[in-house]
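Novice: Counted the way the numbering used here counts, the sequence shown spans residues 39 to 870.
Take these hints with a grain of salt, some might be off.
The calculated BS3-like cross-link candidates involving lysine-lysine, where the alpha carbons are at most 27 Å apart (straight line), are [said to hold, decoys possible]:
hint: 1; residue 1: LYS411; residue 2: LYS371
hint: 2; residue 1: LYS678; residue 2: LYS649
hint: 3; residue 1: LYS411; residue 2: LYS435
hint: 4; residue 1: LYS326; residue 2: LYS176
hint: 5; residue 1: LYS229; residue 2: LYS371
hint: 6; residue 1: LYS678; residue 2: LYS629
hint: 7; residue 1: LYS96; residue 2: LYS80
hint: 8; residue 1: LYS629; residue 2: LYS649
hint: 9; residue 1: LYS237; residue 2: LYS140
hint: 10; residue 1: LYS435; residue 2: LYS326
hint: 11; residue 1: LYS80; residue 2: LYS140
hint: 12; residue 1: LYS326; residue 2: LYS140
hint: 13; residue 1: LYS326; residue 2: LYS411
hint: 14; residue 1: LYS140; residue 2: LYS119
hint: 15; residue 1: LYS140; residue 2: LYS413
hint: 16; residue 1: LYS326; residue 2: LYS229
hint: 17; residue 1: LYS140; residue 2: LYS176
hint: 18; residue 1: LYS371; residue 2: LYS326
hint: 19; residue 1: LYS96; residue 2: LYS176
hint: 20; residue 1: LYS411; residue 2: LYS140
hint: 21; residue 1: LYS371; residue 2: LYS176
hint: 22; residue 1: LYS237; residue 2: LYS176
hint: 23; residue 1: LYS678; residue 2: LYS411
For the record, the hints were derived by calculation from the structure and aren't laboratory data.
Predicted model, so just to flag it, every value in this text is computed and none were measured.
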Amino acid sequence: MAKVQRLRRCAGRAVLCCVVLTVCGAAAAGQIRYSIPEEMQKGSFVGNIAQDLGLEAKALSERGVRLVSTGGTQYFTLNVKSGHLITAERLDREQLCGRAEKCVINCEIIAEDRMEVFITEVELTDVNDHAPSFQEGKLEFRISETTAVGTRYSLEEAQDPDVGINSIRDYQLSSNEHFSLDVQAGAAGDKYPELVLEKPLDREEQAAHDLILTATDGGDPVRSGTARIHVVVLDANDNAPVFSQTLYRVSVRENVPVGSALLTVNATDADEGLNAAVAYSLRKTKDKASETFQVDSRTGDIVTVGTLDYEEEAVYELEVQARDSGDLWARAKVLVTVLDVNDNAPQITVTSAVSSISEDSPPGTVVALLRAKDKDSGGNGEIMCSIPDHVPFRLQKSVDNYYSLVTARDLDREQVADYNVTVTARDRGAPPLWSATTIAVQVSDVNDNAPAFSQAAYSVWVSENNARGASVFCARAADADWGDNARVTYWLAEGELQGAPLSSWLSVQAESGAVHALRALDYEQVREIRFAVEARDGGSPPLRSSASVTLLVLDQNDNRPEILYPAAPRDGSTGVELAPRSAEPGYLVTKVVAVDADAGQNAWLSYELLKASEPGLFALGVHTGEIRTARALGDRDALKHRLVVGVRDNGQPPLSASVTLTVAVADSIPELLADLGSLAAPAAEAQASLTLYLVVAVAAVSCLFLAFLIVLLGLRLRRWRQAQLLGSAGGALAGVPVSHFAGIDGVRAFLHSYSQDVSLTAGSRKSQWSFGPPSSAGTLARPPAGQGKEPAPVGKDSKVCEADQAALQVSRRFCILLPLFTFWCFCLSDHC
Numbered sequence: 039m040a041k042v043q044r045l046r047r048c049a050g051r052a053v054l055c056c057v058v059l060t061v062c063g064a065a066a067a068g069q070i071r072y073s074i075p076e077e078m079q080k081g082s083f084v085g086n087i088a089q090d091l092g093l094e095a096k097a098l099s100e101r102g103v104r105l106v107s108t109g110g111t112q113y114f115t116l117n118v119k120s121g122h123l124i125t126a127e128r129l130d131r132e133q134l135c136g137r138a139e140k141c142v143i144n145c146e147i148i149a150e151d152r153m154e155v156f157i158t159e160v161e162l163t164d165v166n167d168h169a170p171s172f173q174e175g176k177l178e179f180r181i182s183e184t185t186a187v188g189t190r191y192s193l194e195e196a197q198d199p200d201v202g203i204n205s206i207r208d209y210q211l212s213s214n215e216h217f218s219l220d221v222q223a224g225a226a227g228d229k230y231p232e233l234v235l236e237k238p239l240d241r242e243e244q245a246a247h248d249l250i251l252t253a254t255d256g257g258d259p260v261r262s263g264t265a266r267i268h269v270v271v272l273d274a275n276d277n278a279p280v281f282s283q284t285l286y287r288v289s290v291r292e293n294v295p296v297g298s299a300l301l302t303v304n305a306t307d308a309d310e311g312l313n314a315a316v317a318y319s320l321r322k323t324k325d326k327a328s329e330t331f332q333v334d335s336r337t338g339d340i341v342t343v344g345t346l347d348y349e350e351e352a353v354y355e356l357e358v359q360a361r362d363s364g365d366l367w368a369r370a371k372v373l374v375t376v377l378d379v380n381d382n383a384p385q386i387t388v389t390s391a392v393s394s395i396s397e398d399s400p401p402g403t404v405v406a407l408l409r410a411k412d413k414d415s416g417g418n419g420e421i422m423c424s425i426p427d428h429v430p431f432r433l434q435k436s437v438d439n440y441y442s443l444v445t446a447r448d449l450d451r452e453q454v455a456d457y458n459v460t461v462t463a464r465d466r467g468a469p470p471l472w473s474a475t476t477i478a479v480q481v482s483d484v485n486d487n488a489p490a491f492s493q494a495a496y497s498v499w500v501s502e503n504n505a506r507g508a509s510v511f512c513a514r515a516a517d518a519d520w521g522d523n524a525r526v527t528y529w530l531a532e533g534e535l536q537g538a539p540l541s542s543w544l545s546v547q548a549e550s551g552a553v554h555a556l557r558a559l560d561y562e563q564v565r566e567i568r569f570a571v572e573a574r575d576g577g578s579p580p581l582r583s584s585a586s587v588t589l590l591v592l593d594q595n596d597n598r599p600e601i602l603y604p605a606a607p608r609d610g611s612t613g614v615e616l617a618p619r620s621a622e623p624g625y626l627v628t629k630v631v632a633v634d635a636d637a638g639q640n641a642w643l644s645y646e647l648l649k650a651s652e653p654g655l656f657a658l659g660v661h662t663g664e665i666r667t668a669r670a671l672g673d674r675d676a677l678k679h680r681l682v683v684g685v686r687d688n689g690q691p692p693l694s695a696s697v698t699l700t701v702a703v704a705d706s707i708p709e710l711l712a713d714l715g716s717l718a719a720p721a722a723e724a725q726a727s728l729t730l731y732l733v734v735a736v737a738a739v740s741c742l743f744l745a746f747l748i749v750l751l752g753l754r755l756r757r758w759r760q761a762q763l764l765g766s767a768g769g770a771l772a773g774v775p776v777s778h779f780a781g782i783d784g785v786r787a788f789l790h791s792y793s794q795d796v797s798l799t800a801g802s803r804k805s806q807w808s809f810g811p812p813s814s815a816g817t818l819a820r821p822p823a824g825q826g827k828e829p830a831p832v833g834k835d836s837k838v839c840e841a842d843q844a845a846l847q848v849s850r851r852f853c854i855l856l857p858l859f860t861f862w863c864f865c866l867s868d869h870c
């Protein structure tokens, strides 16, 4: 016993060494294999991935190592801290792989940093966790007593989900003198128990026999299952059915509809009557065969009752039994081969992809890693992946069915900012099936485009006398990049204008590119300004460009015409031009010369004769400014003429200037001086006499005004005194109606009407005043009858009041005439 245990330990060590060598060799080839027993607890250790890949455990998370399961269920997990591959759940080999001899679960390990894939295979070894069992716990046989010794009866096979040594190992039959057990081995290693008749039966001696069939497996510990066999002895029926062939083969496509007939088995019985009637049934069914096929008990037609799927089961092995009424039977095998049909489209799985890629990435940069898989086999499972030709990408096949999507040429975000790459997987079936998936690739920006102006040079017109700080131009540059790389700022290039920095004349707003004039421009000083505006983006490093701008100043009519000749004298006198007495019409007397600092139509000048002491004697050229005689000079013409000439430009609004000229008529300068001397004395005398008249008139007016103020003051004192006397007299005037009085400063007086005629005769040297008599005299109205006695005349006091009234009227007229007299004096002075 100890020797056997040592042999087992040595064998276990040898197996462990083989597993380690297999893992190391597979890791070097990009494939790792592990072997673990089934039914391990969740979280059990499978293998050290980090060690097998030659990595440190702490580098797994940094390199983006992760586990991708190829199926729908995650059976394993990767502990990135320890680098161990552990089970994610309790694994049942029989549930996952059925009766397959080798149960392998595949998963992929992907390293994100290098886009590498490592195929990992984990083999589940069988554990003897199932006992053999029979489908029917009780078997019944009807055997004729005439059955010959050595007749064999096929027994139901025990079912054990385990495989290998843990599957069915042996059958045993309880002790019986008439029957024995013979176990046959099939081509696939299956064991078929048969009941062998060892001794003839005698129904009269024993009508039934009960046996126990025990099935054991080869596990440790050994597990077993039993079934009861009940044998009924019948009377003679000595011919069993016989099949036309012992093995039937049929091939069928997996897409046949349910209910399709596959083949017909035929068995005949040499007996006659009821003993020749044969009934067919499926004797041996494995896995899903009983749910997929069915045999007609009367005709022997085998039909499908379920759908066939090549990917689930490719071969079915059936056993058809033909039994007669005497329980004699025969068996035949039916081998159903399922042919593959292209009924599964390829599936594309994107295992890893980048969200964006820089536009300066070199060709061959990996964008995404994807896997294509087809469940079909043969040509139906061969996959071809493709992408459109117009995209700058290509597919590069990696390990197994993995493909890498890489850049095929240089990218340009300004032309295409994002791509939707459609990957199509097509198999080689007839007709081919395909599927597609779309991978979104966004191209990130790189600062590879400098700002660009719409023009290399600009010409801008601006009127002079602009407001300080006003915008005169806006320079805009577009940048084809995105984000900060497209954020453009502007500034003014360095330069000088009239000895001053250009920045003192202009400024550029950094964000908008608006150019502002810091000074009021003057066309007469600066006709044009040449400068450059530079644009710079916000990239790193920044890119820049520039545009030249010519700022042309437009003229405005802001300058009056300037008269150069005759020059304006500083002492207030006017220039004298000489014209001979013998001058004919059109004789050029002089020429007025004027200029305008403006330009264009603002500098077009026109001349006009505004005033002449003798109209019609001289003519002025509108555009030349020449003063010529309009007619011949005569003896009656004055010796001196005064001309006022106006000069006006053509601007809007027009501006003008004027000059006064004196034209003297004489044949020579000495004659001119003599004539002017003879004219100067009378003029001086007239001027002196006029001045004397004015002084006398002003003095007289002042004396009259002073006398008037004195008289008015005396009258007011007198009225005040009389008012005091009237108040003390009592009711002397009580009988006079109130309507006959008018109150003037508290003094009552009778109403009188005065009519004064005033006439003013103005001559060149004198004025005449005349005052007429009153037009009517004052009367007292007679009172109506019955109202008392007639009032008595007022007497001296009434005369005093009438005198006051007359004085007041005279003072009023004097106040009116005094301004008129003063105005006449000034008019006389101006005329002289």
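Novice: Does each hint hold? Answer for all of them.
Specialist: To see whether the hints hold, each was checked on the structure:
no.: 1; hint: LYS411 / LYS371; verdict: 36 Å, violated
no.: 2; hint: LYS678 / LYS649; verdict: 14 Å, holds
no.: 3; hint: LYS411 / LYS435; verdict: 13 Å, holds
no.: 4; hint: LYS326 / LYS176; verdict: 23 Å, holds
no.: 5; hint: LYS229 / LYS371; verdict: 15 Å, holds
no.: 6; hint: LYS678 / LYS629; verdict: 18 Å, holds
no.: 7; hint: LYS96 / LYS80; verdict: 24 Å, holds
no.: 8; hint: LYS629 / LYS649; verdict: 16 Å, holds
no.: 9; hint: LYS237 / LYS140; verdict: 44 Å, violated
no.: 10; hint: LYS435 / LYS326; verdict: 38 Å, violated
no.: 11; hint: LYS80 / LYS140; verdict: 22 Å, holds
no.: 12; hint: LYS326 / LYS140; verdict: 19 Å, holds
no.: 13; hint: LYS326 / LYS411; verdict: 26 Å, holds
no.: 14; hint: LYS140 / LYS119; verdict: 32 Å, violated
no.: 15; hint: LYS140 / LYS413; verdict: 19 Å, holds
no.: 16; hint: LYS326 / LYS229; verdict: 20 Å, holds
no.: 17; hint: LYS140 / LYS176; verdict: 33 Å, violated
no.: 18; hint: LYS371 / LYS326; verdict: 17 Å, holds
no.: 19; hint: LYS96 / LYS176; verdict: 61 Å, violated
no.: 20; hint: LYS411 / LYS140; verdict: 22 Å, holds
no.: 21; hint: LYS371 / LYS176; verdict: 24 Å, holds
no.: 22; hint: LYS237 / LYS176; verdict: 23 Å, holds
no.: 23; hint: LYS678 / LYS411; verdict: 123 Å, violated
Hint check: violations occur at hints 1, 9, 10, 14, 17, 19 and 23; the rest are consistent with the structure.
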